[in-house]
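A.B. asks: So the chains spell out like this:
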Amino acid sequence: MFRFIVRRLLQLIPTLFGLSLLLFIWLRRLPGGPETAILGERGTPEMRAAIRRNMGLDEPILVQYGRFVRRLIRLDLGTSTSTKRTVVTEFVERFPGTVELSIAAMLLAIGIGIPLGYLAARRRGRFLDHASVGGSLIGICIPVFFLAYVLKAIFAENLGWFPASGRQDPTLGATRITNFFVLDGLMTREWDAAADALWHLVLPAVALASIPLAIIVRITRASVLEVLNEDFVRTAEAKGLTESTVRRRHVLRNSMLPVVTSIGLLTGGLLSGAVLTETVFAFSGIGAFIYEAISQRDYPVLMGFILIIAVVYVLVNLLVDLSYSLIDPRVRVR
Amino acid sequence: MALLDVEDLSVTFARRGQRTVHAVDGVSFSVDAGEVVGLVGESGCGKSVTSLALMGLLPKQPGLRVGGKAVFDGTDLLQLDDRSRRDIRGRDIAMIFQDPLSSLNPVIPIGLQVTEVLTRHRGMKGAAAEKEAAALLDRVGIPDPKRRLKEYPHQLSGGMRQRALIAMAVACQPRLLIADEPTTALDVTIQAQILELLKDLVRDSGTALVMITHDLGVVAGMCDTVNVLYAGRVVETARRRPLFREPRHPYTVGLLGSVPRLDAGRGERLNPIPGSVRDVLPWPDGCAFAPRCARRVDECVGEPPALVLAHDGRSYRCVNPAPAPGTVPTPAATAPVVDDPLASAAAEATASPVPAPREEEKP
Numbered sequence: 000m001f002r003f004i005v006r007r008l009l010q011l012i013p014t015l016f017g018l019s020l021l022l023f024i025w026l027r028r029l030p031g032g033p034e035t036a037i038l039g040e041r042g043t044p045e046m047r048a049a050i051r052r053n054m055g056l057d058e059p060i061l062v063q064y065g066r067f068v069r070r071l072i073r074l075d076l077g078t079s080t081s082t083k084r085t086v087v088t089e090f091v092e093r094f095p096g097t098v099e100l101s102i103a104a105m106l107l108a109i110g111i112g113i114p115l116g117y118l119a120a121r122r123r124g125r126f127l128d129h130a131s132v133g134g135s136l137i138g139i140c141i142p143v144f145f146l147a148y149v150l151k152a153i154f155a156e157n158l159g160w161f162p163a164s165g166r167q168d169p170t171l172g173a174t175r176i177t178n179f180f181v182l183d184g185l186m187t188r189e190w191d192a193a194a195d196a197l198w199h200l201v202l203p204a205v206a207l208a209s210i211p212l213a214i215i216v217r218i219t220r221a222s223v224l225e226v227l228n229e230d231f232v233r234t235a236e237a238k239g240l241t242e243s244t245v246r247r248r249h250v251l252r253n254s255m256l257p258v259v260t261s262i263g264l265l266t267g268g269l270l271s272g273a274v275l276t277e278t279v280f281a282f283s284g285i286g287a288f289i290y291e292a293i294s295q296r297d298y299p300v301l302m303g304f305i306l307i308i309a310v311v312y313v314l315v316n317l318l319v320d321l322s323y324s325l326i327d328p329r330v331r332v333r
Numbered sequence: 000m001a002l003l004d005v006e007d008l009s010v011t012f013a014r015r016g017q018r019t020v021h022a023v024d025g026v027s028f029s030v031d032a033g034e035v036v037g038l039v040g041e042s043g044c045g046k047s048v049t050s051l052a053l054m055g056l057l058p059k060q061p062g063l064r065v066g067g068k069a070v071f072d073g074t075d076l077l078q079l080d081d082r083s084r085r086d087i088r089g090r091d092i093a094m095i096f097q098d099p100l101s102s103l104n105p106v107i108p109i110g111l112q113v114t115e116v117l118t119r120h121r122g123m124k125g126a127a128a129e130k131e132a133a134a135l136l137d138r139v140g141i142p143d144p145k146r147r148l149k150e151y152p153h154q155l156s157g158g159m160r161q162r163a164l165i166a167m168a169v170a171c172q173p174r175l176l177i178a179d180e181p182t183t184a185l186d187v188t189i190q191a192q193i194l195e196l197l198k199d200l201v202r203d204s205g206t207a208l209v210m211i212t213h214d215l216g217v218v219a220g221m222c223d224t225v226n227v228l229y230a231g232r233v234v235e236t237a238r239r240r241p242l243f244r245e246p247r248h249p250y251t252v253g254l255l256g257s258v259p260r261l262d263a264g265r266g267e268r269l270n271p272i273p274g275s276v277r278d279v280l281p282w283p284d285g286c287a288f289a290p291r292c293a294r295r296v297d298e299c300v301g302e303p304p305a306l307v308l309a310h311d312g313r314s315y316r317c318v319n320p321a322p323a324p325g326t327v328p329t330p331a332a333t334a335p336v337v338d339d340p341l342a343s344a345a346a347e348a349t350a351s352p353v354p355a356p357r358e359e360e361k362p
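Chains as they are written, first to last, in numbering that gives the first Met the number 0: chain G, 0 to 333; chain X, 0 to 362.
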C-alpha cells in the first residue's frame, strides 16, 4: 500500500515536468503579453520592450523555462505581475474558497445523485426513472455559466432568498484562520459567520453540481441495473435474506465501483467549471482569479495555479484509487 | 404425501407485439422426503425456469405469469406473499446455482456470505455464527476453514467456490435442496468431487434433492426418479433403472442415444437427435417433439398426447412409444435405441463419482 502511494507520487514528477513545459510554451505563444496588459493602449514600443527586458521576457524561451524550473525546485512560484504579491500568497488566500465550493458541489452531486440513480433503477420504466434520466440529460446540456446566471437572477435577484455574490457578508467581521470560511466559523464558534458562508455557497454549488449530478445519476442507475441482474444477487435472494440486506450488502456496494471512478474524474472538471461559476457569483476563489490572470497575461499566476491544480487532481485520483481497494478486494493494491 | 408436489406448473412470458413464450407448460412432478429427483432435458426445455419459479426467483417483469400449484409440506409456494417466501427460502428450501464464481458476491468475504444465512434464519450472531460457518465449510470439505472465512471468492478455486455455495445452501438443514446444473461450470475431476459431496450430504441429512441437469451421467449416478422435460412439459417419468433400461418416450430414447460411448467402434457416428429444441410444435397442437421424432405417426399432430400411466409407476406422454422389452420392436424404434444406455451413460461419467450401480448386470 505504502509503496503504491510512493510510486504514484513519483509518477507525478514527470507528469508535472511535461505539463509545465507545455504550459510554458503555450502561454508564451499567446498574442500580447503582460506589458500590453500593464501599459494598455498608451504604451510605446520602447516602453513595452523595457518592461519585457525587466521581466526577463526577451530571453530565449528555454532560458526562461530553466529559470522557472530552478525557482520551482525551491518552491518559489514567483510574483504576480498584476497584483505584485507572491503567487503562493494569492493561492493560499483563494484556493480554500474553491475547495469549499467544490466540496459543497460534490456533496450535493453525490448526496442527490446516488440515491436518485438507485431509485431510478429500482423504478425502471416508471415516472421517476424517466424524470431523472430526462432531467440528467438537461443537466448535462445546460452550460454551467448559463445555469449560474439563471439561478442568480431567480433566487438571488428576484426572490432574494440567497446572496447574489461573494463568499461571506464582510460586515460580519468574521475571524480568518484557514480561509475556509465555513470551517473558520465553526472553529471560532462564530456560528452566524459559518451559516452565512454556507448560505453564500448554495447557489454557486448548485450551478457547479449540475453536470456531476447528472453524470452520477446516470452512472449509478446503469450500474445498479447491471448489478441487479447479477447471479450473486439471485443467490442472496435464494438465501431468503431480507430485501434491505440484499439491496444494501449485495446490490449497492457492488454498483458503487464505476460511480467512484467517475467521481474522481469529475473532480477535475469541477475545478475548471469553478472558473465560470466563481466569475458569475463574484466568488473569490482560484477560478475567478485564473480568469482574470488570463486576460492580464499574468504568466507566474497561470503557471503556478495550473500546476497546483494538476497536483490536486492527481491526488484526488490517488484517493479514488485507494478507496477502490476498500470497496473491491479484487483490485486491492499491494 | 410427497414433500413437494408440483402440479401443472406453467410459466409464460408475454410481450406486447411478440408471441407469448411458454417457458414451462404444465410441468408436474413430485419429490418425496429424502429422495433425489432429476429434471433432465436440453437447454431451453424449461428446467431452470421451473426451479426459479418454485423459489419465487424469476426476475420480476411485466408479462410474467406463473400458474399451477407447487405444494411444499402443505403450503402452495406459488401463493405465498414475498415475506413468507423469504422465510422459506434458505431455511426450508435452498438452492445451488450453476456458476459458482458469478453466484458469489465478489466484494464480500466468504465468511459473511455464510453467516448472513445463519443470522437470518437461525438468529446466530458474532462468534457463534463464525464458529458454525467454519464448521459448515469444514463439512463441505474446505480445508483450513477459519482462514477461508476471511477470504474473498476470487481467492478460491472453482471447486472451493461451489463447496462454499453448498455450505450456504445446507446451512439451515433445508428439507429440499434444488441444484441447478451444479457441476456444469467445473472440470471433470472437480465435478466428481462435488457430486460425491452432494450425495453424502443428502444421505446424511435426509434432505430431498432436485437435481437439474442435462448430463445423463449425473442422472445415472445420483437420481432415484427422473423426469425428462421437453419444451416445458414432462414427457417421461420413471425410476432411474427402468428409464435407462427401457426408455419409452422417443425423446428419452434419443437423449440416451446421443451420449457418446467409449466402447463405440472407431469411425462410428454419434446419434444426435435431429433438429433443435426450437423446432417445436406448440403443445395444444400436438406433441411438441413430433417435428424431430423418428417415430412420428399421424396421431401425433392434432391434439396433445395424453399422459400414459404404465404398470410400474412410470408415465410417458406419447401415442407411439418405444416398445417395452419383450414386444416386437417396430423398425423405427430400433435405430436410436442403444442396447445398454445406463452402462454407456455411466461409462461416460467414469470420471464422475458415480460408479455404475453395483447390481448392474449386462443383458
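Hints are computed from structural coordinates only; laboratory data are not their basis.
All of these numbers come straight from a predicted model, not from anything done at the bench.
Errors might be hidden in some of the hints.
Stated by the list, open to error - Partial chain X-side listing against chain G, Cβ under 10 Å, derived:
{"no.": "1", "residue": "ASP4"}
{"no.": "2", "residue": "LEU77"}
{"no.": "3", "residue": "GLY89"}
{"no.": "4", "residue": "ASN104"}
{"no.": "5", "residue": "ARG119"}
{"no.": "6", "residue": "MET167"}
All C-beta atoms, glycine included, are put in the ideal place defined by N, C-alpha and C.
A.B. asks: Now tell me if each hint is right for this structure.
C.D. replies: Cross-check of the supplied hints:
Hint status for X:ASP4: violated, given a least beta-carbon distance of 21 Å to chain G, over 10 Å. With its C-beta approaching chain G no nearer than about 16 Å, X:LEU77 sits outside the 10 Å limit, and its interface hint is violated. Interface restraint check: X:GLY89 against chain G, minimum CB-CB distance 3 Å, threshold 10 Å, status holds. Checking X:ASN104 against chain G: minimum C-beta separation of about 4 Å stays under 10 Å; hint holds.
A hinted interface residue such as X:ARG119 counts as satisfied when its beta carbon comes closer than 10 Å to some beta carbon of chain G; here the least separation is about 6 Å, so the hint holds. Restraint check, X:MET167 versus chain G: the minimum CB separation of about 6 Å is within 10 Å; hint holds.
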